[in-house]
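First to last, the protein sequences are chains A and B. Position 66 of the first sequence, counting from 1, maps to 66 under the numbering used here, and the rest follow consecutively. Add 75 to the 1-based position in the second sequence for the numbering used here, that's all there is to it.
For the record, the hints were derived by calculation from the structure and aren't laboratory data. Mixed in with the good hints there might be a few duds.
Short derived list, chain B residues pointing at chain A, Cβ under 7 Å [unchecked claim]:
id : residue
1  : P233
2  : D235
3  : T237
4  : A345
5  : D346
6  : A351
7  : D352
Far from chain B, some chain A residues (derived; all Cβ distances over 10 Å) [stated by the list, open to error]:
id : residue
8  : E18
9  : D49
10 : F50
11 : E57
12 : S58
13 : L61
14 : E72
15 : S74
Glycine included, C-beta positions come from ideal geometry on N, C-alpha and C.
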Amino acid sequence: MVTRLIARVGLMYPGDPESLAIVRGAGGFSRLSQDELAQVTVTRVEAGDFCDDIPVESLPLYLERGLVEHVEVSE
Amino acid sequence: MPRYGSNSFGVLIVDGYDLLATKVKGFAYKVASLMEPTGGLGDTTKSKGPSGLQEASLNQDGAFFDDAANSGHAALKASTAVSRILTFAIAGNTIGQPFVGMSGAYTMAYEVIAKSGSSPMTKANAAYDASGQLDNGVILQDHATKTADFNTKTLGSPVDYTVDRGQTVIPITSNSIANPSVVTTPVPHGLTTGQKVLISGVATSNPTINGERTVTVISATQFSVPVNVTVAGTGGSFVLATSVNGGAGYQQVTAFSGFTGFVGKIRSSADDVTYADLITFTNVTAAPAKEQKTVAGTVDRYLCFDGDVTGTGSLKVFAGFARR
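In isolation and in its complexed conformation, chain B is listed as follows (with noise of 0.2 Å):
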């Protein structure tokens, strides 16, 4: 089981302000859902049911205040209309470490606190509500300066689905001898008509099953995949290989010098071989910029992201993507 300690937290920017630079001292962030009371009239003990509703909220504090061009006070000084985008990482600043993001977080408090003593250096905290979804996603671009055009496929590290940390391996009871095979799940697979899975482990299955298929949903616990098996198999996993709810991508660029333009795509491939574009973000030319930007349907198992540079200089971007 992996831990993380203060060194693993290596993304915190909000609406393109790199806020780890202030030193932030402590951060959470908590996804609660919502209860209604569902008694009345003649009931003598109290009872309470799902909303179906979630909320989420932020809070980050003890960071320095930070009055500078572009700093910590520069970004949180706003209104609480101001419309935020966050995002942050525990896990490390690395191509394909989980990230969380949110478009919709409102700035409910900020405090700068001055006082004398055995810490006077004056502090500031702030507190978040969001209003819409917390995604959680992976990171394609570490919040990294780049100095010419750059594609993190062809430097080595598109990002594959498959090995996402965030997935759920589902058993496989068995797979039928049928044309096509019917795979039995001992819990709900889940899937949609269409998507594509990656199974393993299944065995004396002839052929075998094992690898990317894509399913045909038959129940809620058996799917078929078009393979003509003669012996049948027992055992196995499988992990999804396509999500079907679209996601959402981010971006935030926190420094920005000498370019005269930049324009960042999340690409997408089902077969590693051929990308094509799945999200553009508008073309920046100045920092702090960010973009959230969502996309529906099918998202294949590769991502990748790719920026495309005008003129000579500098910036920095981190980028991710979220499955929903």
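Next up, chain A with everything else stripped away, as it sits in the complex (with noise of 0.2 Å):
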């Protein structure tokens, strides 16, 4: 068995590292300019798809709200 994280809501995030990083160096998606978003690509996710590389920065609060959950699934 193995833990993976579980979305219980929709949810978009940036969908690479490099995407994230570009994200972060401008403080957020409402800081980015016009050519940062250009190359910055998005994943978007249902409730009940894995969210396993969801930004490690949004992780708390979001397992607070139940937003996502840990589950233990088998390999």
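Dock chain one against chain two, each of which comes alone in its own frame, and use the hints as you go.
As structure tokens, this is what we get:
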């Protein structure tokens, strides 16, 4: 069994480490320039999808609110 | 101080009907606090007191009468028993600008006026009384035509609550040497424990308490922030970074062709990195379509609108959110 993160609501977040670095460097999506926006990819998950790659800075609040959960699944 | 003329009146949609196309000449809305007589036998002067209730009314006049499909007459001819969803914006049809929304606007009067003379075109007026709350919010999706999936976050336009023009800037008198530091305000701060604020302009505090902080309420004029301050600070102010009384999302679809479905969502974020669904509107398959959905509890700092279409075609949609 392995522990995975599952979304309980729809989520959107930077889709890869390079995109996350661009968003973090700018201080958030609302601060991205048009050029930076063009370089960013976005991951969309729906409720019930796995979201193991959710940015670590978002995880504590979303766990606290029950928007994501740790679940045990077969390997 | 911004001033707005008729060219800034950017949105007027009633139940999914775009009424700006009918060239409305005048529009007014009023919110009145209801008073109740408080006098009695023996009094020599009349007295009144606030009842705690408010009522809202709206009037639009001078629109050209239009009985084409999906136009003004179709929108307004229904009986007074129909509860309408109404959204309008007087400061421009732009993401981040304010809008007013209402669910529960009942048409109390609809006049069609035909006359001869210098202005012979037939006109139409409508008056609404409201049952329920008039919401003041922010536009998340400007009334615009879309032909594919879209998201206002990745288009560069998420809305930040801390720069909302409807915010009240609360002054700070000082913050103390303490862990956590105690912030004192000269006026009631109105905060709830756990709420987030954006503090700025505080001088000399070491370390600084400027930035986004989660508060713990101590009294009406004091709260603490989780900073171990060793040199007291003075001055500064704060605005809210989260709201705690939920809110209402509005979506109006005024045109729809080709697509087999459209799902609009309002998403929120505390950190502007990960966004979560806040409101999911019902799948739309035809226009006109309108919906208001409410949420309770904390609403985070950043909001955006996401549109997911099925098939190929085009639609015209407006969306906004009002914090309560």
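Let me make sure I understand: some of the numbered hints might not hold for this structure. Which ones are they, in numerical order? 3, 11, 12 and 13
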